[in-house]
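K.L.:
For reference, the chains in residue letters:
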Amino acid sequence: TQLLEQSPQFLSIQEGENLTVYCNSSSVFSSLQWYRQEPGEGPVLLVTVVTGGEVKKLKRLTFQFGDARKDSSLHITAAQPGDTGLYLCAAEYGNKLVFGAGTILRVKS
Amino acid sequence: GAVVSQHPSWVICKSGTSVKIECRSLDFQATTMFWYRQFPKQSLMLMATSNEGSKATYEQGVEKDKFLINHASLTLSTLTVTSAHPEDSSFYICSARAGGRAYEQYFGPGTRLTVT
Numbered sequence: 001t002q003l004l005e006q007s008p009q010f011l012s013i014q015e016g017e018n019l020t021v022y023c024n025s026s027s028v029f030s031s032l033q034w035y036r037q038e039p040g041e042g043p044v045l046l047v048t049v050v051t052g053g054e055v056k057k058l059k060r061l062t063f064q065f066g067d068a069r070k071d072s073s074l075h076i077t078a079a080q081p082g083d084t085g086l087y088l089c090a091a092e093y094g095n096k097l098v099f100g101a102g103t104i105l106r107v108k109s
Numbered sequence: 110g111a112v113v114s115q116h117p118s119w120v121i122c123k124s125g126t127s128v129k130i131e132c133r134s135l136d137f138q139a140t141t142m143f144w145y146r147q148f149p150k151q152s153l154m155l156m157a158t159s160n161e162g163s164k165a166t167y168e169q170g171v172e173k174d175k176f177l178i179n180h181a182s183l184t185l186s187t188l189t190v191t192s193a194h195p196e197d198s199s200f201y202i203c204s205a206r207a208g209g210r211a212y213e214q215y216f217g218p219g220t221r222l223t224v225t
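These protein sequences, in sequence, are chains A and B. Be aware that the first sequence starts at 1, since it is given in the working numbering, and climbs by one per residue. Be aware that the second sequence starts at 110, since it is given in the working numbering, and climbs by one per residue.
Be aware that one or more of the hints could be misleading.
Claimed, not checked - As a list, the in silico DSSO-like pairs of lysine-lysine whose alpha-carbon atoms are at most 27 Å apart:
1. A:70 with B:150
2. A:56 with A:70
3. B:173 with A:96
4. B:164 with A:96
5. B:150 with B:175
6. B:150 with B:123
7. A:108 with B:173
8. A:57 with A:70
9. B:123 with A:96
10. A:96 with B:150
11. B:150 with B:173
Claimed, not checked - Here are some, though not all, of the chain B residues that point toward chain A, as calculated from beta-carbon distances under 7 Å:
12. 137
13. 152
14. 171
15. 202
16. 208
17. 209
18. 212
19. 218
20. 219
Derived from the structure by calculation, the hints contain no laboratory data. Note that beta-carbon positions come from the ideal geometry of N, C-alpha and C, so glycine has one too.
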């Protein structure tokens with residue numbers, strides 16, 4: 001059983017559609033991160049959320065941290081082909097980061 | 110922002126040979142660096158935590174004698190894959206921790222290793 005359950009695993013949508021990616025756990029975290037990774041590159045940090053109930057916006061991306069700090073979501077509005085990539089949630093676990101399984105997003109034009 | 114580099118970006122080696130991958134923090138000092146492995150369309154799996162001046166801490170299931178890690182300075186950690194086999198072919202990513210929290214780490218661009 002993974003510490004972070006990320007869903008869906010794959011998502012293929014048309015340009016302009018909205019989507020939500022979920023990251024759930026039975027554990028409480030002090031912070032949670034979302035990364036985006038393109039093929040052949042390292043992951044790039046999108047956001048860190050630290051407060052229960054926190055909502056952060058990054059252009060068309062909205063990140064939410066659950067009130068109990070056990071789950072998080074990433075919502076993309078009006079997806080564009082440039083949003084295509086692997087989205088990863090991650091959380092601190094001791095002195096390490098643990099990652100969710102990832103969501104492969106493909107936005108078709 | 111903090112920059113982490115990796116060298117080489119890709120490498121092809123023959124089975125049975127060893128290959129070294131370097132990870133450098135370019136504009137900050139990192140007492141702790143991490144090495145991850147990633148298979149196609151999968152997430153990052155932590156292999157080991159590298160601490161400057163001390164032995165690396167390996168995750169369960171990672172062979173210490175096969176994946177040698179040396180963190181000789183505050184800006185450089187190396188991963189040597191010894192006696193490489195085709196199943197070692199993967200994308201290896203390092204990160205360097207810039208602050209006191211585990212999430213304050215910056216990732217390198219990765220190294221694609223192909224063992225033939």
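K.L.:
For each hint, tell me whether it holds in the structure or not.
P.N.:
Okay, the hints, checked on the actual structure:
| no. | hint | verdict |
| --- | --- | --- |
| 1 | A:70 with B:150 | holds, 25 Å |
| 2 | A:56 with A:70 | holds, 17 Å |
| 3 | B:173 with A:96 | holds, 18 Å |
| 4 | B:164 with A:96 | holds, 16 Å |
| 5 | B:150 with B:175 | holds, 24 Å |
| 6 | B:150 with B:123 | holds, 24 Å |
| 7 | A:108 with B:173 | violated, 43 Å |
| 8 | A:57 with A:70 | holds, 19 Å |
| 9 | B:123 with A:96 | violated, 33 Å |
| 10 | A:96 with B:150 | holds, 22 Å |
| 11 | B:150 with B:173 | holds, 26 Å |
| 12 | 137 | violated, 15 Å |
| 13 | 152 | holds, 4 Å |
| 14 | 171 | violated, 13 Å |
| 15 | 202 | holds, 5 Å |
| 16 | 208 | violated, 11 Å |
| 17 | 209 | violated, 10 Å |
| 18 | 212 | holds, 5 Å |
| 19 | 218 | holds, 5 Å |
| 20 | 219 | holds, 5 Å |
Of the numbered hints listed earlier, those contradicted by the structure are 7, 9, 12, 14, 16, 17.
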